[in-house]
Every structure is written in C-alpha cells, then in structure tokens.
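2 protein chains.
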Amino acid sequence: MNIGSAAEATNLPSKTIRYYEDIGLVKPGRADNGYRDYSDEDVHRLKFLQRSRSLGFTIEECRILLSLYDDESRASADVQTIAQEKIKKVDEKIAELQSLRATLKVLVKNCHGDQRPDCPILDDLAGRKAKSA
Amino acid sequence: MNIGSAAEATNLPSKTIRYYEDIGLVKPGRADNGYRDYSDEDVHRLKFLQRSRSLGFTIEECRILLSLYDDESRASADVQTIAQEKIKKVDEKIAELQSLRATLKVLVKNCHGDQRPDCPILDDLAGRKAKSA
DNA sequence: GTAAAGCTTCCAGTCAATGGAAGGTCAAGC
DNA sequence: GCTTGACCTTCCATTGACTGGAAGCTTTAC
Chain D
1 MNIGSAAEAT NLPSKTIRYY EDIGLVKPGR ADNGYRDYSD EDVHRLKFLQ RSRSLGFTIE
61 ECRILLSLYD DESRASADVQ TIAQEKIKKV DEKIAELQSL RATLKVLVKN CHGDQRPDCP
121 ILDDLAGRKA KSA
Chain B
1 MNIGSAAEAT NLPSKTIRYY EDIGLVKPGR ADNGYRDYSD EDVHRLKFLQ RSRSLGFTIE
61 ECRILLSLYD DESRASADVQ TIAQEKIKKV DEKIAELQSL RATLKVLVKN CHGDQRPDCP
121 ILDDLAGRKA KSA
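Quick note, the sequences are listed as chains D and B, same order. Quick note: the UniProt record's numbering has the first sequence finishing at residue 133, numbered continuously throughout. Quick note: the UniProt record's numbering has the second sequence finishing at residue 133, numbered continuously throughout.
Worth double-checking, as some hints may not be accurate.
Claimed, not checked - Subject to a maximum C-alpha distance of 20 Å in a straight line, what follows is the list of computed EDC-like cross-link-like pairs (lysine to aspartate or glutamate): (1) D:Lys93 / B:Asp78; (2) B:Lys109 / D:Asp123; (3) B:Lys109 / B:Asp91; (4) D:Lys47 / B:Glu85; (5) D:Lys109 / B:Glu96; (6) B:Lys109 / D:Asp37; (7) B:Lys89 / D:Glu96; (8) D:Lys109 / B:Asp78; (9) B:Lys47 / D:Asp123; (10) D:Lys89 / B:Asp91; (11) D:Lys15 / D:Asp37; (12) D:Lys88 / B:Glu8; (13) D:Lys109 / B:Asp123; (14) B:Lys88 / B:Glu60; (15) D:Lys105 / B:Asp32; (16) B:Lys109 / D:Glu96; (17) B:Lys93 / D:Glu96; (18) B:Lys88 / D:Glu85; (19) B:Lys105 / D:Glu85; (20) D:Lys105 / B:Glu92; (21) B:Lys89 / D:Asp91; (22) B:Lys105 / D:Asp37.
Derived by calculation from the structure, the hints in this document are not laboratory data. Here the structure is a predicted model, which means the values were calculated and not measured.
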C-alpha cells in the first residue's frame, strides 16, 4: 500500500506519516520503485498512533504505549497508570482554562463595548484597578 | 533599570524579555555600557504582556492589544471583540478536553489494572472493540 | 506523447520561548 | 590591584509535532 492509501486509511496526512517514520514510530518496507510500502500491520500501528495522539498522548507517550502494545508480557496496570496520569493533566488544563474563561468573562462584562476610547479590558491588562461594574 | 530588575518587576524571565524585544513588542533604551535600560513605561508594557499572555492571548493578539492600548482614539468595542473571540476559543478547547477526559475515563474504568497482559486500553487504541464493562 | 497526480528527499518555518556558549562589565572583598 | 562571581551582551540551536515548499523521480490516464 502506498503512502497515499495509508494516509486515507488512517486519516493522517502523508507528511505526518513520513514524520512518524523519521522519528522511528513506523518502519514500512520499500517497493522496487523506492516508494514506501505499508503492510496491514503498519497501517494498524498508524491507526493506533492516530487514536492515541487524538486522545492527547504526546509522541513519547505514544512510543511507550506502542512498546507496551508490542510487549506480550506487559502488565495492564502500566498502561492504566499512563492513562490516569494523562487524565490528571487534562483535569489541570481544564481547570486552568476555566479560570481563564472566568477572568475574560468579567473583563468583557465590564466593557461597555461602544465607540468610546476608554476600555476596562485594556485597563485591566495594563494593571489599573477597574471600577466595580 | 537593568533587564534583571525588569524581569523581577514583571515576573518574566530575562530571556523572554529579550525575545519580546526581538519581535518588536518593547524597545528599551541602552545605557552607555550597552546594557538594556528599561523605563517605567517599558516595564508597564512588559506587565501588560505578562498579563495578556497569561490570559491566553497569542503574541500577535498581544501586539494588537498593545497597539489598541497605544491608540488614544481606539473603540472599546474592538477590544471587546478580541476578548470575546478568545472566550469562544477557550470554550471550544474546554469542550474538547472534556470529551477527551470522558473517553480516557471509560478506558481506565474498563481496565482491570493488574499484572495480566491483556489491556482494554491498548485494545481500544488499537481499534479493537472492547467488551462492554 | 504528454500532462497530471503521486511519490521521493531535503530544507525551512511554525509558536513562544528556552538553553547554552563565548565573552564584556560591574560590585564586593581581600 | 586582583580575583571572584553575578550580571549583562550576542548568537546559535533546540523544543513539539508537525507543515510547506522546492526539485526531481515514477506512474497513471487520456
């Protein structure tokens, strides 16, 4: 299977697939004409990568997950630990964004949003104390 | 004021402050010895940048906000629009992370997390259908 | 035969810094 | 006066995970 078909099958851009090869995540064979040739197994690994990347695992985490996937004797607990750590990180990120959102909301609410040049958002960014709304 | 003091005053690393100068966001003067010399106004701009970056505005958005800040005749509505767009992006990101989190939770829940080699998380990543928990 | 699509490699750029090397300057202590 | 260390300078490389583009093959379609 050529890279274009692999790209279609995995929903990954060809560029990304070549990049994954560059960093050693997949090792497709080569056809006589020099084109990359993806086996079903290669495509499977690419799908694995697509799914785990879309779940927010970093490339290095994906590398570990793949090696655990390859390791017939791995402990299921090892994988669970990685996933749990990822959930924790996601939770932290969500909390951070929510706090950010709250601050932005306050700023927008206090801003009259018309053609006048005075703007409470800029005042806040500049560190000036805003009048209470 | 030397860069170290400016860094302390703004809670930004010196490296970052030099970078902001590189990309034209602040233009400190120079002392006779070649050291950067930050005026109160410079420090003020740096604080503005620190605050707006920490609120999730990109560098380019900060550049626009600063130019609006400099522009005595700007309309408050322009700033409000930028902030509202940012809120929308933050909302999208939060929703995405929450969906991600839900998926990870399901995976972890279905995983027995012991020393056995079979692992529903890897099965899912590999695209195999998991047995319902 | 020729044009387009698809493949190859290689290099540069993205974003927002961050790290480090090589070297100049300054203040304190002896 | 000398040394030590902190602080400053510039410049270049690296991060993460791709993405874009150029130059040049091969294959496919008509």
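Task: Pairwise hint evaluation, Glu96 (chain D) against Lys93 (chain B), where the allowed Cα distance is 20 Å at most - done: holds (11 Å)
Open item on the list: Check the hint pairing Lys89 (chain B) with Asp91 (chain D) against an upper bound of 20 Å on the C-alpha distance.
Closed with: holds (18 Å)
TODO: Would you mind confirming whether the straight-line C-alpha gap from Lys109 (chain D) to Glu96 (chain B) stays at or under 20 Å?
DONE: violated (25 Å)
- [ ] Starting from Lys15 (chain D), check that the Cα of Asp37 (chain D) is at most 20 Å away, please.
- [x] holds (15 Å)
Open item on the list: Check whether the Cα positions of Lys105 (chain D) and Asp32 (chain B) lie no farther apart than 20 Å.
Closed with: Violated: Lys105 (chain D) and Asp32 (chain B) sit about 46 Å apart, past 20 Å.
- [ ] Assess, step by step, whether the Cα of Lys93 (chain D) is no farther than 20 Å from the Cα of Asp78 (chain B), and give holds or violated.
- [x] Given that 20 Å is the threshold and the Cα spacing comes to 28 Å, the pair is violated.
Task: Given hint Asp37 (chain D) paired with Lys105 (chain B) - CA-CA distance at most 20 Å - done: Distance of about 36 Å is beyond 20 Å: violated.
TODO: Would you mind confirming whether the straight-line C-alpha gap from Lys105 (chain B) to Glu85 (chain D) stays at or under 20 Å?
DONE: Answer holds: Lys105 (chain B) to Glu85 (chain D) is near 11 Å, not above 20 Å.
TODO: Could you grab the alpha-carbon distance between Lys47 (chain B) and Asp123 (chain D) and see if it respects the 20 Å cut-off?
DONE: Roughly 12 Å between the alpha carbons, so the hint for Lys47 (chain B) and Asp123 (chain D) holds.
Task: Holds or violated: Lys89 (chain D) to Asp91 (chain B), with C-alpha atoms at most 20 Å apart - done: holds (18 Å)
Open item on the list: Would the hint linking Lys109 (chain B) and Asp91 (chain B) be met if the CA-CA limit is 20 Å?
Closed with: Distance ~27 Å between Lys109 (chain B) and Asp91 (chain B) Cα, so the pair is violated.
Open item on the list: Need the status of pair Lys88 (chain B), Glu85 (chain D): alpha-carbon distance at most 20 Å?
Closed with: violated (28 Å)
Of the numbered hints given earlier, the model fails hints 1, 2, 3, 4, 5, 6, 12, 13, 15, 16, 18 and 22; all others are met.
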